[in-house]
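**Student:** In the order they appear, the protein sequences are chains A and B. The first sequence begins at 1 in the numbering used here and counts up by one. The second sequence begins at 1 in the numbering used here and counts up by one.
It should be emphasised that the hints constitute simulated quantities derived from the structure, not laboratory data. Predicted model, so just to flag it, every value in this text is computed and none were measured. Heads up, the beta-carbon is just placed ideally off N, CA and C, and yes, glycines get one too. Treat the hints with care, since some could be wrong.
[As the list claims (entries may be wrong)] Pairs of lysine-lysine residues, derived as DSBU-like cross-links and limited to a Cα-Cα distance of at most 30 Å, are as follows:
{"no.": "1", "chain 1": "B", "residue 1": "K171", "chain 2": "B", "residue 2": "K114"}
{"no.": "2", "chain 1": "B", "residue 1": "K158", "chain 2": "A", "residue 2": "K8"}
{"no.": "3", "chain 1": "B", "residue 1": "K162", "chain 2": "A", "residue 2": "K8"}
{"no.": "4", "chain 1": "A", "residue 1": "K171", "chain 2": "B", "residue 2": "K19"}
{"no.": "5", "chain 1": "A", "residue 1": "K162", "chain 2": "A", "residue 2": "K18"}
{"no.": "6", "chain 1": "B", "residue 1": "K235", "chain 2": "B", "residue 2": "K270"}
{"no.": "7", "chain 1": "A", "residue 1": "K18", "chain 2": "B", "residue 2": "K19"}
{"no.": "8", "chain 1": "A", "residue 1": "K162", "chain 2": "A", "residue 2": "K179"}
{"no.": "9", "chain 1": "B", "residue 1": "K162", "chain 2": "A", "residue 2": "K69"}
{"no.": "10", "chain 1": "A", "residue 1": "K18", "chain 2": "B", "residue 2": "K114"}
{"no.": "11", "chain 1": "A", "residue 1": "K114", "chain 2": "B", "residue 2": "K114"}
{"no.": "12", "chain 1": "A", "residue 1": "K210", "chain 2": "A", "residue 2": "K114"}
{"no.": "13", "chain 1": "B", "residue 1": "K19", "chain 2": "A", "residue 2": "K114"}
{"no.": "14", "chain 1": "A", "residue 1": "K19", "chain 2": "B", "residue 2": "K16"}
{"no.": "15", "chain 1": "A", "residue 1": "K19", "chain 2": "A", "residue 2": "K158"}
[To be verified] With beta-carbon atoms standing in for the labels, derived distance ranges:
{"no.": "16", "chain 1": "A", "residue 1": "G115", "chain 2": "B", "residue 2": "S233", "range": "52 to 60 Å"}
{"no.": "17", "chain 1": "A", "residue 1": "E35", "chain 2": "B", "residue 2": "G115", "range": "30 to 38 Å"}
{"no.": "18", "chain 1": "A", "residue 1": "L68", "chain 2": "B", "residue 2": "K179", "range": "54 to 62 Å"}
Protein chains: 2
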Amino acid sequence: MKIIRGIKAMQGSSGKCKKKGLRIGLVPTMGALHEGHLSLVRSCRRDNDITVVSIFVNPIQFGPKEDLKRYPRPAGKDAMLCREAGVDYIFYPSARDMYPPDFKTGVSVRELGKGLCGASRPGHFDGVTTVVAKLFNIVRPDNAYFGQKDAQQAVIIKRMAKDLDFGINIKVLPIVREKDGLALSSRNIYLDRVGRAEALCLSAALRLAKDLIISGQRDTRAVIRAMSALISSAKNADIEYIKIVDPNNLKEIERINDECLICLAVRIGKTRLIDNVVIKRSGLKK
Amino acid sequence: MKIIRGIKAMQGSSGKCKKKGLRIGLVPTMGALHEGHLSLVRSCRRDNDITVVSIFVNPIQFGPKEDLKRYPRPAGKDAMLCREAGVDYIFYPSARDMYPPDFKTGVSVRELGKGLCGASRPGHFDGVTTVVAKLFNIVRPDNAYFGQKDAQQAVIIKRMAKDLDFGINIKVLPIVREKDGLALSSRNIYLDRVGRAEALCLSAALRLAKDLIISGQRDTRAVIRAMSALISSAKNADIEYIKIVDPNNLKEIERINDECLICLAVRIGKTRLIDNVVIKRSGLKK
Numbered sequence: 001m002k003i004i005r006g007i008k009a010m011q012g013s014s015g016k017c018k019k020k021g022l023r024i025g026l027v028p029t030m031g032a033l034h035e036g037h038l039s040l041v042r043s044c045r046r047d048n049d050i051t052v053v054s055i056f057v058n059p060i061q062f063g064p065k066e067d068l069k070r071y072p073r074p075a076g077k078d079a080m081l082c083r084e085a086g087v088d089y090i091f092y093p094s095a096r097d098m099y100p101p102d103f104k105t106g107v108s109v110r111e112l113g114k115g116l117c118g119a120s121r122p123g124h125f126d127g128v129t130t131v132v133a134k135l136f137n138i139v140r141p142d143n144a145y146f147g148q149k150d151a152q153q154a155v156i157i158k159r160m161a162k163d164l165d166f167g168i169n170i171k172v173l174p175i176v177r178e179k180d181g182l183a184l185s186s187r188n189i190y191l192d193r194v195g196r197a198e199a200l201c202l203s204a205a206l207r208l209a210k211d212l213i214i215s216g217q218r219d220t221r222a223v224i225r226a227m228s229a230l231i232s233s234a235k236n237a238d239i240e241y242i243k244i245v246d247p248n249n250l251k252e253i254e255r256i257n258d259e260c261l262i263c264l265a266v267r268i269g270k271t272r273l274i275d276n277v278v279i280k281r282s283g284l285k286k
Numbered sequence: 001m002k003i004i005r006g007i008k009a010m011q012g013s014s015g016k017c018k019k020k021g022l023r024i025g026l027v028p029t030m031g032a033l034h035e036g037h038l039s040l041v042r043s044c045r046r047d048n049d050i051t052v053v054s055i056f057v058n059p060i061q062f063g064p065k066e067d068l069k070r071y072p073r074p075a076g077k078d079a080m081l082c083r084e085a086g087v088d089y090i091f092y093p094s095a096r097d098m099y100p101p102d103f104k105t106g107v108s109v110r111e112l113g114k115g116l117c118g119a120s121r122p123g124h125f126d127g128v129t130t131v132v133a134k135l136f137n138i139v140r141p142d143n144a145y146f147g148q149k150d151a152q153q154a155v156i157i158k159r160m161a162k163d164l165d166f167g168i169n170i171k172v173l174p175i176v177r178e179k180d181g182l183a184l185s186s187r188n189i190y191l192d193r194v195g196r197a198e199a200l201c202l203s204a205a206l207r208l209a210k211d212l213i214i215s216g217q218r219d220t221r222a223v224i225r226a227m228s229a230l231i232s233s234a235k236n237a238d239i240e241y242i243k244i245v246d247p248n249n250l251k252e253i254e255r256i257n258d259e260c261l262i263c264l265a266v267r268i269g270k271t272r273l274i275d276n277v278v279i280k281r282s283g284l285k286k
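For reference, chain A alone in the conformation it holds in the complex:
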């Protein structure tokens, strides 16, 4: 496994692989790798000859009051996990190289980034699409892997890749959960013992929603009311949003007649957590 810091060096290595006809897969991450990331790496290795994991805590996707400084950066452990997982290259650039002082360009998928998480994190998704566009150009992968955990991000990146004709397949893989249901997240380490227990309210609310819908409930307001009540029973839980949307365009829906995405953001104390579930059309048959 090779760790590459320079942008040109990564472009060079990637270019050489492509000239040999090797298929390249990219797993873009902010490090603090967990089983969710590793499931992306495994999938990437199955599909490609070369697996590149980028590790970059992207400053421009953090708001001024967010956890950029505090975000975990266990570089040594991440490298070890990548090596064990059979990663070929870690691309590990510096913020200064990625955003030199005269940097001025932004990539935006406009309206898709405004609702849901974008409402409380203005500019967040523009930061994501901008860095992902850069990573796509630096690595030029055939396939790129993202987690369904960040459902809105996945929709936005698919849109960007298509709109800008990157010619890269965007693969979105299922959420990986702890045995008790908590969705894996690099931010889970912020939770104390009580918070960890209360954080189960997110996945529990999603299970409840799924059960209600499968049992025939089609009114999204009723589903959201039930979820809200469940979450509010956790003392330190503060709901940022609970929405049921069309998974293709992220528009809110009132009646569930087709595939839908239920997603939520909840603060447990100071820790902001997100989770979601997709209800497939087949789940609506009664």
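Please arrange chain B on chain A, whose structure you already have, making use of the hints.
**Tutor:** Frame of chain A; chain B shown alone:
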């Protein structure tokens, strides 16, 4: 010479060339080709194994009151000129393929697109950077060729290519002029006989500015005053702007101590024309 309409087909042809190790050059145009474009093509052919000319009148870079419908589209003549010039591929996509109904992504070099032409054409340069990002991804050239005639565009595209790590060399070639000084432009055909004569005021004003500066004038306001007086002597000329800026960041300067870019936009009747000249540092020595 091959004319390709489909995005995937162009990506496929381009990919095949790259696999053979051929160097690809791209000349992005809106068609209505003139000697300015052809000078780009010749330069492209010298540097590359494969020359691709894209012809696409990009709707998203036109304002609602601009000349999108009226813009000349002499497809047959353009194809003939390309063939004669030794072009390998014309990429000639449809607006519907480039911007399907669910298209949502934009690329922006923010502040660089706000002044100069951007002041009267809001969103114009975002339209340009978005389509150029798409063309870069579709053709994946090693080199791309632009005319200095569109000075602001050239600065913005260089910035975008660097910021987003396209790994594409941006080559900016000198303005090609008629013998009497008029900068070649696809929009010159809008001019009637009187307008054609009056249009000479743009290049004349730039020559005057250059002479003044070379003779020692360092005060940009004085230079602009003289240019303005000259242009105002043409009856149907309406100055949109005359600016003297730093060619790197397009910021206005007051005193000329280093290389500078003098640029202007003038309406001759209804026809909006632009022109510019760069005064090199060496021209400032007395």
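**Student:** Hint by hint, note whether the structure agrees.
**Tutor:** Hints and how they fare:
no., hint, verdict
1, B/K171 with B/K114, "holds (23 Å)"
2, B/K158 with A/K8, "holds (17 Å)"
3, B/K162 with A/K8, "holds (11 Å)"
4, A/K171 with B/K19, "holds (25 Å)"
5, A/K162 with A/K18, "holds (21 Å)"
6, B/K235 with B/K270, "holds (13 Å)"
7, A/K18 with B/K19, "holds (8 Å)"
8, A/K162 with A/K179, "violated (36 Å)"
9, B/K162 with A/K69, "holds (27 Å)"
10, A/K18 with B/K114, "violated (38 Å)"
11, A/K114 with B/K114, "holds (23 Å)"
12, A/K210 with A/K114, "holds (26 Å)"
13, B/K19 with A/K114, "violated (40 Å)"
14, A/K19 with B/K16, "holds (11 Å)"
15, A/K19 with A/K158, "holds (26 Å)"
16, A/G115 with B/S233: 52 to 60 Å, "holds (56 Å)"
17, A/E35 with B/G115: 30 to 38 Å, "violated (50 Å)"
18, A/L68 with B/K179: 54 to 62 Å, "holds (59 Å)"
Comparing the model with each numbered hint stated earlier shows that hints 8, 10, 13 and 17 do not hold.
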